[in-house]
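Given these sequences and hints, build the entire structure.
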Amino acid sequence: MPICLFIYAKLKAGFRGTKMSEQETRGANEAIDFNDELRYRREKLAALRQQGVAFPNDFRRDHTSDQLHEEFDAKDNEVYWQ
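Just so we're on the same page, the working numbering is the position in the sequence shown counted from 1, plus 585.
Derived from the structure by calculation, the hints contain no laboratory data.
Don't take every hint at face value.
[Unchecked claim] Think about it this way: if two alpha-carbon atoms lie no more than 25 Å apart in a straight line, the pair counts; the simulated DMTMM-like pairs of lysine to aspartate or glutamate are:
(1) Lys629 to Asp618
(2) Lys660 to Asp647
(3) Lys629 to Asp647
This is the structure:
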């Protein structure tokens, strides 16, 4: 199981610093909800893939990191915290 799904399942089950003996066991309804969530995400991804932008990357940079360092490294921190 990928770690993100593991963490999601633990949070959904109420795992927030409680001992294992104090946690409620997951019922069938919670498992169904989790499966519904996975199905919804897969359907959403399929719709995005149909549009040709499953993982869009539509931002455009204005500056490179070298340009930013050149412009801002010489300035004092007080300039930014006014």
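These are the hints, each one checked on the structure:
A distance of roughly 16 Å separates the Cα atoms of Lys629 and Asp618; the hinted pair therefore holds under the 25 Å criterion. Taken as a hint, the Lys660 and Asp647 pair is honoured in the structure, with Cα atoms around 20 Å apart against an allowance of 25 Å. At most 25 Å may separate the alpha-carbon atoms for a hinted pair to count; Lys629 and Asp647 exceed this at roughly 31 Å.
Comparing the model with each earlier hint shows a violation of hint 3 alone; every other hint is respected.
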